[in-house]
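Asker: Here is how the chains run, residue by residue.
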Amino acid sequence: AQSVTQLGSHVSVSEGALVLLRCNYSSSVPPYLFWYVQYPNQGLQLLLKYTSAATLVKGINGFEAEFKKSETSFHLTKPSAHMSDAAEYFCAVSDLSNFGNEKLTFGTGTRLTIIP
Amino acid sequence: DARVTQTPRHKVTEMGQEVTMRCQPILGHNTVFWYRQTMMQGLELLAYFRNRAPLDDSGMPKDRFSAEMPDATLATLKIQPSEPRDSAVYFCASGLGLNQPQHFGDGTRLSIL
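Protein sequences appear in the order of chains A and B.
Take the first sequence: its letter number 47 is residue 47 in our numbering, and every next letter is one higher.
Take the second sequence: its letter number 32 is residue 32 in our numbering, and every next letter is one higher.
Mixed in with the good hints there might be a few duds.
To be verified - Ranges of calculated distance between the beta carbons of each label pair, as one might list FRET restraints:
#1 A/115 / B/8: 33 to 39 Å
#2 B/73 / A/56: 37 to 43 Å
#3 A/116 / B/78: 41 to 47 Å
#4 A/52 / B/13: 26 to 32 Å
#5 B/2 / A/51: 19 to 25 Å
#6 B/52 / A/53: 41 to 47 Å
Unchecked claim - Chain B regions said to be covered by chain A (calculated; three or more residues, Cβ under 8 Å):
#7 15-24
#8 38-50
Everything labelled a hint here was simulated from the structure, so no lab data went into it.
By construction, the Cβ of each residue, glycine as well, lies at the ideal position given by its N, Cα and C atoms.
Start from the sequences and build out the full structure, keeping to the hints where you can.
Answerer: And the structure:
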């Protein structure tokens, strides 16, 4: 079965600084990977997804993620943090352990704080 | 933009009462998921449906929780009887199937006193 590990439950960066949120996955088959963002009192919103078409994936709000098979990683980055980026971020992997299984396995989340 | 709609947004009730949460998935989506989010456990999958058929409810306490899809536009999650430990935010999500992203509603914040 697939699993996802998000390193760092809390990350703080200064406004304008680089944002780097880490995600490592384990999978016995080529994975489909997703990043979601959750703002306070809201549901999860899709930021971007990797579906094997390209290793560098661009998402909304200036975020991007790079799939590195050799490192089993799918880290999320943004060159310049904005105050509005403060939220919780979740990495997720499709569970392909059973054919036709559409479940996603989510990481435990990383809370991003932006320092003015 | 099409959205998943959940009602109610907030619910406060006393222990032992029945609670019903409703979800309207995005039109045309064939998979529906129910999740529970708490500080301690994070995001947990309770149940999911494909084409209205329940496929996996292994994450759900069977003795008190039940999930149904009476039709393609409505999914329900019921708790009877409710207990204080059921206090959490419950999310519904819908999607287009394998390897496709799930689209989340804004959740029902449930407090059991």
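Asker: All hints are to be evaluated individually against the structure, with a verdict given for each.
Answerer: Against the structure, the hints come out as follows:
1. Taking 33 to 39 Å as the suggested C-beta distance range, the pair residue 115 of chain A and residue 8 of chain B conforms, at roughly 36 Å.
2. A beta carbon spacing of about 38 Å between residue 73 of chain B and residue 56 of chain A agrees with the range 37 to 43 Å that was offered as a hint.
3. At about 45 Å, the beta-carbon gap between residue 116 of chain A and residue 78 of chain B stays in the expected band of 41 to 47 Å.
4. Between residue 52 of chain A and residue 13 of chain B, the C-beta spacing of about 46 Å breaks the proposed range 26 to 32 Å.
5. Take residue 2 of chain B and residue 51 of chain A: their Cβ atoms lie about 21 Å apart, and the range 19 to 25 Å holds.
6. Checked against the hint of 41 to 47 Å, the pair residue 52 of chain B and residue 53 of chain A fails, with Cβ atoms roughly 31 Å apart.
7. Chain A is given as covering the region 15-24 of chain B, and this is violated because 0 residues of the stretch bring a CB closer than 8 Å to a CB of that chain, at least three being needed.
8. Note: the region 38-50 of chain B has 5 residues with beta-carbon separation from chain A under 8 Å; the three-residue rule is met and the coverage holds.
Figure legend: structure checked against the earlier numbered hints; hints not met, in rising order: 4, 6, 7.
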